[in-house]
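A.B. asks: Going line by line, the protein sequences match chains D and U. Mapping the first sequence onto my numbering, position 94 (from 1) lands on 94, and the numbers just tick up by one. Just add 1000 to the spot in the second sequence (first one is 1) and you have my numbering.
A hint or two may mislead.
Unchecked claim - Taking lysine-lysine and the BS3-like style, the derived pairs with C-alpha atoms no more than 25 Å apart in a straight line are:
hint: 1; chain 1: D; residue 1: Lys-421; chain 2: D; residue 2: Lys-82
hint: 2; chain 1: D; residue 1: Lys-532; chain 2: U; residue 2: Lys-1065
hint: 3; chain 1: U; residue 1: Lys-1168; chain 2: D; residue 2: Lys-230
hint: 4; chain 1: D; residue 1: Lys-108; chain 2: U; residue 2: Lys-1296
hint: 5; chain 1: U; residue 1: Lys-1168; chain 2: D; residue 2: Lys-300
hint: 6; chain 1: U; residue 1: Lys-1055; chain 2: D; residue 2: Lys-172
hint: 7; chain 1: U; residue 1: Lys-1063; chain 2: D; residue 2: Lys-172
hint: 8; chain 1: D; residue 1: Lys-172; chain 2: U; residue 2: Lys-1065
hint: 9; chain 1: D; residue 1: Lys-288; chain 2: D; residue 2: Lys-558
hint: 10; chain 1: U; residue 1: Lys-1055; chain 2: D; residue 2: Lys-108
What the hints assert, rightly or not - Beyond 12 Å from chain U on every Cβ pair, some chain D residues (computed):
hint: 11; residue: Thr-249
hint: 12; residue: Tyr-479
hint: 13; residue: Gln-498
Don't read these hints as lab results, they were simulated from the structure. All residues carry an ideal CB built from backbone N, CA and C; glycine is no exception.
Below are the chains, spelled out letter by letter.
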Amino acid sequence: MKRFLVLFLVAALMLSVVGCGSKDNGTGNEGKDSGQTQTDNGSTDNGESTEASGLPALSPDNPVTLSVWITTSQSAPASDNKLTKLLKDKLGVTLTYEIITPDNADQKTGVMLAGGEFPDLIGATDLQARFITGGALIPLDDYLTEDKADILYEHVKPYWNRLSFDAGDGEKHIYILPNYNRFYGEITGGTNFSASGFWIQKDVLADAGYPNLDNMTLERYFSLIENYVKKYPTIDGQPTIGFEISCPTGKEWGLTNPPEYLSGHPNDGGVVVDDGVAQIFANKDIAKRYYQYLNQMNAKGLVDRESFTQTNDQYQAKLATGRVLGMYDQRWAFGNAYDALVAAGKYERTWVSTMPVYEGCEPYYADREVMNINQGFGVSVSCQNPDIAVSFLNTMLSEEWQKILSWGIEGEDYYVDENGKFYRTPEQREQQKDLVWRSSNKLEALMDCLPKHQGTFSDGNAFSPDDQPDEFFATLSEYDQNFLNSYGKKTWRDFLNQPPDNPVYYPCWNITLTEGSDAQIASQQLTDLAMKYLPRAILADPSEFESIWNEYCQEIEKINYKAYEDAINAGIQDRIANWG
Amino acid sequence: MATNIQALPGKKKGFWSIVASQRELILMSVPLMLYKILFSYVPIVGWTMAFQNYKPAIRSIWKQKWVGFDNFVKLFTGVNGARFIRDIVNTMGQSILTLVLGYIFAIVLALLMNEMKNGPFKRIVQNISYMPHFLSWIIVCGLVSTMLAVPSSGGIVNDILMRLHLIKEPIMFLAEPKYFWGIVAGSNLWKELGWNTIIYLAAMTAIDPSLYEAAVMDGASRWQKMWYITLPGIKSTIVVLLIMSTGQILEAGFEIQYFLGNGLVVDKSETIDIFVLTYGMRLGNYSLATVAGIFKSVVSITLVSLANFISGKLGEEKLI
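Please put together the full structure from these sequences, using the hints given.
C.D. replies: What follows is the structure in structure tokens.
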């Protein structure tokens, strides 16, 4: 009996030692566990099919599984998704998704970097380039050649300098493939404009007799809202909300960015740039004026007092009830609520953007679309077979697959007329509005991060139905068509300014701050202070505003914000030198 | 807990003969020791990160750049310092409030349940009261934030208070710093109360029934039985649990502050863990996070030793 016990203990001990050993080995090859089942000799066997691209061809005979991590506000596809099935049937590719909403991405990134294990493909909106400097991504330069990933090469070739990044070893490589605003051919897009604005519910404008929206000011914007609230204190039985502010963690810009637009600056994040020199504006008069005005509007009961305590989900849910008359936001950030209202047929409760500015300022809300840098897919160091991963991204950017991902399947989701133009029937347009249908028939989360063939395809069709002018207008509901006609406009984009050419360094919000640097800490501290003081200043009794504002400015002085400004200015100079 | 097995008193034996006589026990504890060493002591090597400017791209912690006490200076001085001290106060405040409320209510509830003579009813009460323990915090936080919202967003608390004419305007509970600790303690109480009573109820069943019989013979009332028999009977359990919880004082939970905290209440809501998350994980400043972690460990060990020592001095149970 005793001998048995000893044996058992020895066995237990050995097991635990073995356990330690394999743990150490395990860290490097997570891909094996995550089910990457491609056969290693696949690429050599199918030598003849690797031809053109010099990468392993994807085929159903050679099934692979790729784990993808995506930062997006789109939701994961339904399990019966038809494109998921198509990927498997045509390419043998199965994707396992991990989807992170943008407000949680920063923390999740930190945890993944500390752990050192990554999914095969990382699709991030990683402004601090943390995956790159954290050693999570492989340089793609070797793949980006004409005989390997030819389509991706075409995609990045003209922008090599902008896209390459120094991970800290002194050499610049391309790690991430840009997901938005790399245009091909004629740009017909921009009809469904998706950036900043002070949004206002269509019914507010309709009720006020479609007032002229030029020369908008904060005062006019809020008086429109105030009049409507007085006239209709409830919508669908619930109290009408005048103005909503959304600033949960990760989206603090919803509270901090508006002053730069109001003073006629474009979106440069935490700074405004005048004459090529960036400085913070949080403690300047342009900011004070906005928050003081909000304070007065709050005293009138026009600002939702729950603005600062609600999460992003609660904000979306509130918007989706259709009782919110106005908010400052970027179009993509409340897309879910917008879609929900459209799906419910409440077109009059959706919003159009207006551009209030201080007197003497020209609105610069719309900018020329700038190509995303450090946003999009990269291939991780944990990926077992980067050839396959790159081959997948390359295939996805082919026109054939771009049409499938953007328009759908010919004959099912759209038709082609005798001139080769894509069009959809009313039923096909209608089903696109159904959120459930979309989750079974589109891969929106994946598409959000994939490189895209924006602009026009080689056959002259626009990249997406929204960009095809006729198709865009035909897709609109009758309400929206009337609404646009009342304003004599053709697209939503027409509600915004004509953007001038971007300065070469623009936009400053995607200048990378070194991880853990004084500049980065100062930037975080500025954000934290804003989140602490601005809500208090807005919600306070108007007589207390001055004292809270002064306290806020004093606290800002304690922060080393000079380090932040210096880092941004250095970034501007670097871009002028290298991008010009 | 009670692993200090002593050799029977008798002739004084040498060390090795004690080892020899307890060899099975010692062998049996080996895997547990290995487990402890592997998962509790080996990771301490990571504390070296506190003295480095840690960059995750360089995987090995031995190849990092050493910076001495720079990170300690960064954490405890200046803007960060003021903030970290505020966070310590918040952490301790929330956790002590939670602890005290949790203890008192759990003991009272356990005493009451122990007095229930109706078996099925007692079981129903017990089940209902510990059900919330199995909910995850994200769900509890969702419930709390909805209940405390304004009536038009489903805020039932404000609705009730207004219908009772106790308040005229809805109170923005989650926007007022003064309510935050209470909300944390209250949510913890709601979630964990029933679960915490289980251990006391178990301790109560171990009390010799003849004591109660003797008390009845002496004419003791129900209250007196509770006070003179049940409470002293579970005293040692209470003390041991209390000593153990002192080690958790810097663990005020994480989820609830994370989900319910916001800029308006940050002065009362931000705890050490949240700070570590923002400045450590989100900004990728792992060294700073490690310093905060070390600080927490040192304080916790000190507190447990202190509580243990005081308890011993007072002639009560000791943990070690």
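A.B. asks: Hint by hint, note whether the structure agrees.
C.D. replies: Going down the list of hints, with the structure as the test:
A distance of roughly 24 Å separates the Cα atoms of Lys-421/D and Lys-82/D; the hinted pair therefore holds under the 25 Å criterion. In summary, the hint linking Lys-532/D to Lys-1065/U is not supported, as the alpha carbons are separated by about 35 Å, beyond the 25 Å threshold. A distance of roughly 21 Å separates the Cα atoms of Lys-1168/U and Lys-230/D; the hinted pair therefore holds under the 25 Å criterion. Distance restraint check for Lys-108/D and Lys-1296/U: the Cα-Cα separation of roughly 23 Å lies within the 25 Å cut-off, and the hinted pair is therefore satisfied.
Under the criterion of a C-alpha separation no larger than 25 Å, the hint pairing Lys-1168/U with Lys-300/D is consistent with the structure, at around 18 Å. For the proposed pair Lys-1055/U and Lys-172/D, the alpha carbon gap of about 19 Å is at most 25 Å, so the pair holds. A C-alpha spacing of about 23 Å is found between Lys-1063/U and Lys-172/D, which places the hinted pair at or below 25 Å, so the restraint holds. Note on Lys-172/D and Lys-1065/U: the hinted pairing holds, with a Cα-Cα distance of about 23 Å set against a maximum of 25 Å.
A distance of roughly 18 Å separates the Cα atoms of Lys-288/D and Lys-558/D; the hinted pair therefore holds under the 25 Å criterion. Between Lys-1055/U and Lys-108/D the alpha-carbon distance is near 17 Å, which keeps this suggested pair within the 25 Å criterion. Non-interface status of Thr-249/D relative to chain U is broken: a Cβ of that chain comes within 12 Å, the nearest being about 8 Å off. Non-interface call for Tyr-479/D relative to chain U: holds, since the shortest CB-CB distance, roughly 26 Å, exceeds 12 Å.
For Gln-498/D, the requirement that its beta carbon stay farther than 12 Å from each beta carbon of chain U is met, with the minimum near 36 Å.
The earlier numbered hints that this structure contradicts are 2, 11.
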